[in-house]
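Residue numbers (our numbering), protein chains in the order written: chain A, 1 to 295; chain B, 1 to 423; chain C, 1 to 278.
Errors might be hidden in some of the hints.
Said to hold, decoys possible - Pair by pair, the computed Cβ-Cβ distance ranges are:
hint	chain 1	residue 1	chain 2	residue 2	range
1	C	Pro71	A	Phe55	46 to 52 Å
2	B	Glu314	A	Phe141	57 to 63 Å
3	A	Thr56	B	Ala284	55 to 61 Å
4	C	Pro54	B	Ala42	33 to 39 Å
5	B	Glu96	C	Ala56	47 to 53 Å
6	B	Ala348	A	Leu32	57 to 63 Å
7	C	Arg63	B	Ala284	33 to 39 Å
Worth flagging that the hints you see were computed from the coordinates, not collected in a lab. For each residue, glycine too, the CB sits at the ideal point set by N, CA and C.
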Amino acid sequence: MSQVMGVQPVLQRSYRMMLMPAVLAVLIFAVLPLLGMFVLAFTSFDLVKGWDTGFTLKNFVKLTDDKRFIASIWVMLSLSVFGVIAQVAAGTAIAVGLEKIIPRWRFLRGIFVVPFVVPHVAVALVWLSLFTPTLSPINAFFDLFGITVPALLTTRWGAISAIVIADTWASFPFVMLLILAALQGISSDLDEAASIDGASKIQVFWRITLPLLKPALLMVALFRFIETIKHFPLIYVMTNGGPGRATQATNYYAFIQTFQNSKVSYGASIAVFLFIFAAAISFWVARMNARISDA
Amino acid sequence: MKTQYARRLATAAMVSVTTLVPAYAADVDVLLFGMPYTKGLAALEADFEAETGLTANIEVVGQNVFENRITLSFTGKTGDIDVVHTPVIQVQRWVEAGWLQPVTDGVAGMNDKDDILAGPLDAYLVNGDYWALPFFAETGMMSYRKDVLEAAGFDAPPATWEEVLAFAKAAKSDDMAGFAMRAAPGQGFNMFVFPMIMRGYGGKFFADYPTDLTPAINSPETLEALNLYIELINEYGPAGGGNFNFSEIAAASQAGHLAMFVDGTSIVAQSLDPAKSQVLEHMAIAPVPAGPAGRSPTIAVHGLGVPADAPNPEASFKFIEWATSPETLTKIAIANAYPDFTRASVAADAEVLAKYEAINPDFLDLRVQMLNDAIGHYRPLLPQWPEIGASVGEHINAALNGLETPEEALEAAEAEMIEIMAE
Amino acid sequence: MRKPKGKHDFSWKQAAGVTMMLALLFFALLPIIWSFILALRPENRLFEPIWESPTALTLGNIRNLAGTGFPHALFNSFVTATVSTILAVIIGVPGGFALAKGRSSRKFVASWALLLLRMAPPVGFVIPLFILYLNVGLLDTWVGLIGAYMVLTLPLVVWSSWTSLSQIPDELIEAALLDGATMAQALRRVVIPAARPGLVATAVLAFLLTWNDFFFALVITRSDTVTAPVAIMNFVSYASVDWGSIAIASILLTLPTVPVIVFANKYIVQSMGGAVKG
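Make a model of the complete structure from these sequences and hints.
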């Protein structure tokens, strides 16, 4: 590494200086509010009744016994798991399609990335109109053939699928871009060699390309998982948590307790749970990332 | 290089200082949520200035956005709102939390106070004080298709919920839904309409409001009502009816795909709007159907109140007085689809009469009749109501969409009501 | 390199691939086309299939929108997203550089913390942020919103500039320093140009993150600084949902970012390639 060992101490000091503004900004705008969240979770703040600042564990005790909270975790997990699977499948299919199956269509990449920049509120409103049977062109089209398209938003799994579909639409471009990046990193010599060995294109894909994509797929799945647990506008706008409570995911439930029911401290304790959950997942991602980088 | 940098920094600082100071330029800052009256009022901002010399900034936002903002503004005592949209169903909660200041003195000093409809005004009487002046009193009505009714062999619109069922059954066809009603969960959505059936069948929220607040929603009467509501929507409703809200209902009716619906007067008025309905000549209106226990039209009252931290209550009240004056209400009733005015004299105005009689000759009379039949505590007036309404509404919706059986839904709703009341 | 076109004859497998791609293309385009239709339909024809009256179109919705507060909200969105992206890049890129090139035993903790900040539920800390802003007078100000957006953008910018800057050879920086450049100069003249694709991609992603934000703006803005995603919700009012305005507003909110992503997507691919290959 160095003919310049002499400058190293100075260098390290300036590195630390360079890190300071970022650390400071994160401390003020993120860490301080996060500490506030913990303070709220361990006290009792109700917007209507006021703030009792005494230390208490009652929010967490209540949490263990709250059926709506437990149910919300399952909703969150279904939205995340199905969402991630659908997004990764769609994004990968498009990336592989543009790169391997029909390279002539590569110019379409510019079209496929557009949904990525549509704000989620707009995504939710547009898909809401597509899922409203009286308004939707999908229903109107199938009606021409006497086929009645079921109303998704009135059943538990229908409403979950509706959110998954809208989220998939908004997020597949992210997956696509990352998988395209990974595909371009895989040497095409391997494909060539395999084809010469007589393997069909499909065999090459399953036996060679896909295994090589595995780290990228895992990475993108985890990144999407991180985003899906924060679902908000899609639920808020498309289903309002319904039918019944079928789409009240944990993050949304925390929002309801905080804003609709004014129970800020209880909402904060749900957020603390989510935070711990996030800490565990991100620890895993960080470790995996470190391993990939070291490799 | 250095000085240039410094100058740039100074400019940046100045820009941030100017945006740091919130621009409360107007004398009266008003926060409302979107409905025909509030949109109409916002268009009259200049009138207020001409009349009082005070400036007003009327902001109209979406209802969801409003609810988040207002709770936080109240809690933070930010003092940035002088007049606030105050729905009756929130007033108990807001008063308990100390978020409003009374307007009793202002009301006492008004010389045309008797012109205000008594029911809506008294809805704001909590702990002996008035907390807002009403601008909107909505009740329920039925809107139906004369032609469909005739074709089905009926000679009068259904007067009871049983007859509604019979008509819905007869009217239902491939591109005509027999019946629709709000189904989306929410204290202002399905809980705005469902109690019309529930109370018609003798069901109630509490054992004896307001003296005995023991939750009593899990009763055979409510169950019968719920089963009827579910049958009406699931068997004879439009596709996706289990998630419908007022806008889908109005749209289905305007497009000519709905034989009958029961909803608030504002929504019924939408179905009679010449600019929107494709089947205007077939539309007719009727009273809210009755059940074995009588008729119980829905009621929703909205008004204008003054936040506790509003710095200048006199100016705030001046605005409220202007905004709920007969002149202002008349102007809005003429310019917008606003039949829900709260002053008797507005209904006497020739132009208002002409406008609403052209839409339907019976509309205004029927509205008054329904308002008289409505009970003030149609949705219980309690600080806990917003939370109870949301919770019960979710169970009603769950039962409608088959996530719970009706029995389970009512049992769970009652259990949650007990929990909320115990806190 | 890739095989020349036409080397393989048309096969059913190819056909299956084409069908799949067409289906996916349809999926990607349907909501976009639909929002244009919604935007141009007169209100009383909204609930009629487009093929029954394909010529019933109007520009009235656009005119209505001009009279609302939406253009102002769009301006607010533009200012806050741009400024917070620039700030996040100015503050975050040196930080990412330091993490990429500095020697620290705490890098793992740093990467964990960055990911955790990306993941932490906003609903938890938006109330404390509200209380904080209330006390220092930052509610409903650009400064406050931009500060809140640092929570969204900084972790992303630091994380991804860390990834892309770690690919720059140490020798390059050292050579510049030996030539007598200061650290800042070395950064500006050597490091940043060498890592441009990654940094462009980072800035674009950060911009999108703030441009899309709904939740922070919902809680900490009022009328003066409300952003477009929140303002769209104002078209959902009692008695009617104004689908035409919603559709136009959504289109207006998306349009400015389309050229950005179409132009920048290759940089994103390049820089993500770095992230994936490591």
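Against the structure, the hints:
{"no.": "1", "hint": "C:Pro71 <-> A:Phe55: 46 to 52 Å", "verdict": "holds, 49 Å"}
{"no.": "2", "hint": "B:Glu314 <-> A:Phe141: 57 to 63 Å", "verdict": "holds, 60 Å"}
{"no.": "3", "hint": "A:Thr56 <-> B:Ala284: 55 to 61 Å", "verdict": "holds, 59 Å"}
{"no.": "4", "hint": "C:Pro54 <-> B:Ala42: 33 to 39 Å", "verdict": "holds, 35 Å"}
{"no.": "5", "hint": "B:Glu96 <-> C:Ala56: 47 to 53 Å", "verdict": "holds, 51 Å"}
{"no.": "6", "hint": "B:Ala348 <-> A:Leu32: 57 to 63 Å", "verdict": "holds, 60 Å"}
{"no.": "7", "hint": "C:Arg63 <-> B:Ala284: 33 to 39 Å", "verdict": "holds, 34 Å"}
In summary, this structure violates none of the numbered hints.
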